[in-house]
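Colleague: Sequence:
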Amino acid sequence: MKVMLLFPPHWTPAMPHLALPTLTAFLRERGVEVVQRDLNLEVFEALLTRRHLEQSIARLGEGQRTGSGSRVGPASAPPERVDWAVSRGSEVAARIDNAVSVIRSPAFLDGPRGVQALLTIAEALEIASLPFYPASLELTRYVPPVAVDSSRALLQAVRQPRLNMFRDLFDALVMPDIAREQPGVVGISICTMDQMLAGMTLAHLIKERGLSCHVTVGGPHITMLREQIPRVRALFDVMDSAIVFDGAEPLLRLAEAVEGGRGLCAVPNLIYRDGARVHVNPVKTYAPEPAPAPDFDGLPLGQYLVPCPVLPLATSRGCYHGRCAFCNVGYGAPVGYHRFPTEAVVEQMLALHRRYGVRHIFFADEVIAPHTLRELSETLEGLGSPLHWCGCARLERALTGELLSRMAAGGCRMLLFGLESASRPIVQRMGKGTTPEEASRVLRESAQAGIWNHVFFFFGFPGETLDEAQETVNFVFANRDAIHSASPGAFLLERYAPVHRSPASFGVTRIIDIPGRDLAIHFDYEVAAGMGEDMAELVVQRLLDVLPVKELGHCYVSDAHRFTYASDLYERRQPMPVWLASGARREEDSFGG
10 MKVMLLFPPH WTPAMPHLAL PTLTAFLRER GVEVVQRDLN LEVFEALLTR
60 RHLEQSIARL GEGQRTGSGS RVGPASAPPE RVDWAVSRGS EVAARIDNAV
110 SVIRSPAFLD GPRGVQALLT IAEALEIASL PFYPASLELT RYVPPVAVDS
160 SRALLQAVRQ PRLNMFRDLF DALVMPDIAR EQPGVVGISI CTMDQMLAGM
210 TLAHLIKERG LSCHVTVGGP HITMLREQIP RVRALFDVMD SAIVFDGAEP
260 LLRLAEAVEG GRGLCAVPNL IYRDGARVHV NPVKTYAPEP APAPDFDGLP
310 LGQYLVPCPV LPLATSRGCY HGRCAFCNVG YGAPVGYHRF PTEAVVEQML
360 ALHRRYGVRH IFFADEVIAP HTLRELSETL EGLGSPLHWC GCARLERALT
410 GELLSRMAAG GCRMLLFGLE SASRPIVQRM GKGTTPEEAS RVLRESAQAG
460 IWNHVFFFFG FPGETLDEAQ ETVNFVFANR DAIHSASPGA FLLERYAPVH
510 RSPASFGVTR IIDIPGRDLA IHFDYEVAAG MGEDMAELVV QRLLDVLPVK
560 ELGHCYVSDA HRFTYASDLY ERRQPMPVWL ASGARREEDS FGG
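For what it's worth, my numbering labels the leading residue of the sequence shown as 10, then goes sequentially.
Don't take each hint at face value.
To be verified - In silico SDA-like cross-links for lysine to any residue, where the CA-CA straight-line distance does not exceed 20 Å:
1. Lys-11 with Asp-304
2. Lys-11 with Arg-189
3. Lys-11 with Pro-229
4. Lys-11 with Gly-40
5. Lys-293 with Ala-275
6. Lys-293 with Tyr-340
7. Lys-293 with Lys-216
8. Lys-216 with Arg-46
9. Lys-293 with Gly-339
10. Lys-11 with Glu-258
11. Lys-293 with Arg-326
12. Lys-216 with Ala-188
13. Lys-293 with Pro-229
14. Lys-216 with Gly-193
Quick caveat, the hints were computed from the structure, so don't treat them as lab data.
Throw the hints in and build the complete structure from the sequences for me.
Modeller: Shown next, in the form of structure tokens:
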């Protein structure tokens with residue numbers, strides 16, 4: 010049995026996602042032949058070429074000449090942007106090869122060269138997107154031309170080349186290979202809503218071309234839709250099944266069932282259609298077992314848009330805190346926390362270093378436990394700190410100054426912290442389990458240790474007032490010397506988070522279901538008191554408006570770019586720039602970060 014695993018756009022093309030390499034390692038260890046393809050990277054590679062840009066410019070010029078009155082495509086795009094693309098696009102096309110080369114080299118970390126490279130890539134992606142306006146593909150996000158949380162709009166878009174920039178690309182990039190490889194199963198990983206159109210387009214094209222393979226979809230986004238998918242039978246016109254929650258063992262059982270010509274009723278965690286009926290098989294929770302190191306063989310690791318390769322890894326599953334009211338960890342199911350043995354994690358890090366020559370490891374955990382951070386750091390320091398690493402941590406008492414110094418000595422170069430709010434009442438209502446005073450201490454001691462601090466915070470948690478939002482702003486400015494980058498945002502009410510499951514407990518008076526949005530995972534809402542959604546968005550925008558312009562903003566585009574930048578500064582014994590100081594272009598300008 011041969012299984013082909015596909016990872017569709019959109020995911021920032023700076024490093025692979027962990028999903029496919031983890032599944033690939035599991036299946037190959039059990040004797041399954043696996044072909045894995047990072048179509049996210051391949052799409053960016055195809056778009057960021059002189060040939061493709063010239064084709065896009067010609068298409069825009071043709072649209073200018075003929076016009077169509079269409080609500081999508083060149084005729085609907087802002088005329089000034091189309092005029093710019095047609096008149097100046099050839100200059101961008103002439104620079105694109107060099108820009109891609111720069112972002113893949115240490116030259117990216119040089120100020121003027123890196124900025125110019127990222128500006129060129131941003132302009133190139135706009136040119137490539139304009140023929141499909143209002144769709145927009147950027148390095149950090151994809152704006153689809155339709156509401157992909159509407160099954161009707163989604164299924165129309167997968168069939169329409171005029172709407173869908175991925176159809177022709179997939180026809181050229183992967184359809185001939187699927188026909189040649191003849192896999193028994195094609196697995197499509199859909200981790201975010203941004204991947205929904207591309208993922209379903211892949212599934213549809215396989216069916217449209219009459220290729221004889223079982224098409225299954227899986228990933229966190231599919232798991233969040235596990236109650237909706239059985240109700241939308243039309244989805245099974247473009248796919249054969251969906252796998253929810255743990256995917257490795259069910260995917261293996263599915264491949265065995267397909268190879269043996271057996272029915273699918275015994276495949277756990279599977280949703281599938283058999284004739285006129287949609288079946289939902291029982292969900293099985295698998296006890297975590299020692300797993301092989303992720304297998305990245307087959308992925309072009311030197312082609313990611315980052316100055317040096319960065320590979321993802323994990324030290325655990327789940328979240329050891331697991332009580333934040335805004336977070337849907339576990340997707341509404343009781344999920345425990347499991348920490349992998351530190352010795353096994355270190356061995357996996359070293360194996361990736363030996364096998365692929367990588368020196369930068371990005372831990373993709375929900376959060377890394379303090380005892381793991383200590384054991385990891387002590388072990389790596391004892392080995393001479395051969396690797397740089399980063400990951401998420403909590404602003405809590407266990408993260409002492411001594412531990413942070415030990416972490417830096419053991420190769421930690423960046424930590425991502427969820428501050429969320431610096432208002433004590435809001436933090437308590439969130440169930441965050443932290444305090445502003447402890448958060449301030451951790452940030453300052455982390456910065457003193459030489460670690461880059463990235464901070465997430467948001468406004469508009471139900472019940473939050475403008476005065477309480479101001480406390481968070483005050484905290485950020487008071488701790489400006491210890492915050493090197495940040496991601497401010499507005500509260501998002503997400504499916505299966507505690508606020509969604511028990512809205513009245515958090516002062517949410519109404520969750521708004523928009524007709525037709527039958528695949529929604531985010532919801533508008535109304536609150537009894539405090540800021541509403543619009544006010545929270547306004548507070549975010551006002552904060553962004555006063556941020557200083559940053560000269561080296563290209564180094565902030567994605568977490569992988571920040572990580573390599575922080576590592577380079579540490580190696581050269583240079584000070585870390587702070588987010589609220591001038592002298593580096595803010596990431597929100599031009600680059601979508």
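Colleague: Is Lys-293 within 20 Å of Ala-275, Cα to Cα?
Modeller: holds (11 Å)
Colleague: For a C-alpha distance cap of 20 Å, please report whether Lys-293 and Gly-339 respect it.
Modeller: holds (14 Å)
Colleague: Check the hint pairing Lys-293 with Pro-229 against an upper bound of 20 Å on the C-alpha distance.
Modeller: Roughly 16 Å separates the two Cα atoms, so the pair holds.
Colleague: Does the structure keep Lys-216 and Gly-193 at a Cα separation of 20 Å or less?
Modeller: Distance ~13 Å between Lys-216 and Gly-193 Cα, so the pair holds.
Colleague: Verify the proposed pairing of Lys-293 with Arg-326, using a straight-line Cα cut of 20 Å.
Modeller: holds (16 Å)
Colleague: Keeping to a limit of 20 Å between CA atoms, is the pair of Lys-11 and Glu-258 held or broken?
Modeller: holds (16 Å)
Colleague: Given the hinted pair Lys-293 and Lys-216, is their Cα-Cα distance within 20 Å?
Modeller: Not satisfied, since the Cα-Cα distance of roughly 29 Å exceeds 20 Å.
Colleague: For the pair we were handed, Lys-11 and Gly-40, check the Cα-Cα distance against 20 Å.
Modeller: Judged against 20 Å, a Cα distance of about 10 Å means the pair holds.
Colleague: Check the hint pairing Lys-293 with Tyr-340 against an upper bound of 20 Å on the C-alpha distance.
Modeller: holds (15 Å)
Colleague: Is the hinted pair Lys-216 and Arg-46 satisfied, with a Cα-Cα distance of at most 20 Å?
Modeller: holds (19 Å)
Colleague: Quickly compare the C-alpha distance for Lys-216 and Ala-188 to 20 Å and report which way the hint goes.
Modeller: holds (12 Å)
Colleague: Below or equal to 20 Å on CA atoms is what counts here, so check Lys-11 against Arg-189.
Modeller: holds (12 Å)
Hints 3 and 7 from the list above are not met by this structure, while the remaining hints are.
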